[in-house]
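S.K.: Sequence:
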Amino acid sequence: MKGLIRELNFISFFRSLLLDFIFLFFFFSFFSHSWGQNERQVLVRWYGHAFVYLISSTGVRVAIDPYGDETVKYRFPDHLQADVVLISSEAEDRSAGEKLYGTPQIFRSITAIGPNNARGHIFKGIQTFRDKSQGSLHGKNTAFVFKLDHVTFAHLGDLAHTLNKDQLAEFGKVDVLFLPIGNEILSNDDLDKITADLGARIIIPIAFKTNLSGDMDIRPLEKYLEGKKNVRMLDGSELLIGQADLPSEPWIYVLKAP
1 MKGLIRELNF ISFFRSLLLD FIFLFFFFSF FSHSWGQNER QVLVRWYGHA
51 FVYLISSTGV RVAIDPYGDE TVKYRFPDHL QADVVLISSE AEDRSAGEKL
101 YGTPQIFRSI TAIGPNNARG HIFKGIQTFR DKSQGSLHGK NTAFVFKLDH
151 VTFAHLGDLA HTLNKDQLAE FGKVDVLFLP IGNEILSNDD LDKITADLGA
201 RIIIPIAFKT NLSGDMDIRP LEKYLEGKKN VRMLDGSELL IGQADLPSEP
251 WIYVLKAP
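Just so we're aligned, residue 1 is where the sequence shown starts under full-length UniProt numbering, counting upward by one.
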């Protein structure tokens with residue numbers, strides 16, 4: 001009888017130990033997974049004009065709108081490697097995909113409209129225009145939206161109009177917006193409407209006039225920032241962005257020209 005009791009006590013103890021182990025396993029698995037998600041960040045680097053470069057936490061390198069030699073005076077980075085290149089139009093200041101190194105998948109202008117699968121990510125091209133006349137003056141523009149490390153990015157290329165309901169539905173909600181502010185066609189009210197309609201929480205101005213813009217007829221940053229609140233002037237040309245870094249209300253992050 002005593003032997004049976006000891007055996008039952010041992011089974012009960014072993015079962016309790018096993019349940020504790022299972023609980024701890026799932027507890028630490030859940031929190032380590034959540035912590036890992038919060039810690040994932042994307043490196044965002046601005047090379048001047050509309051040229052943006054991103055590196056995900058898994059090493060996927062995305063280059064957007066690299067400029068050509070005869071357009072702006074920014075120095076093109078030497079031997080820059082890319083896995084994915086996104087080009088909004090064939091304008092010379094945005095279409096120098098051949099200058100990137102490696103073996104990137106390149107999605108160009110109107111041929112990139114729709115979902116594009118590369119390196120396990122979807123880069124959606126959305127048809128827009130470079131004027132307010134359906135492209136009759138300056139042609140079509142492909143804006144891009146994609147997700148890296150649970151953060152949704154959108155690059156508007158050379159967009160020159162506000163977005164209609166169908167276009168907004170294609171974008172969905174955006175976390176980080178690369179906003180071209182130099183085009184005189186767009187007023188500040190237009191730009192504010194675009195950012196509000198997309199729900200962007202971080203707005204990064206691009207494609208504005210600097211002393212390295214060459215002969216580009218675009219307006220300076222100061223005109224866009226007039227009367228703006230929640231502006232953060234960064235002391236460099238890059239930053240890290242993850243889910244935990246997204247502010248609760250919209251902020252404008254101004255990167256320093258390289």
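In case anyone wonders, no lab produced these hints; they're calculated from the structure. Mixed in with the good hints there might be a few duds.
[As the list claims (entries may be wrong)] DSSO-like cross-link-like pairs, simulated, lysine-lysine; straight-line CA separation at most 30 Å: (1) K132 - K229; (2) K140 - K124; (3) K173 - K124; (4) K223 - K173; (5) K140 - K193; (6) K193 - K223; (7) K165 - K99; (8) K132 - K209; (9) K147 - K132; (10) K209 - K147.
Here the structure is a predicted model, which is why all the values come from computation and not from measurement.
S.K.: For a quick check of understanding: which of the numbered hints are violated here, in increasing order?
M.R.: Checked against the structure, the only hint that fails is number 7, while the rest are satisfied.
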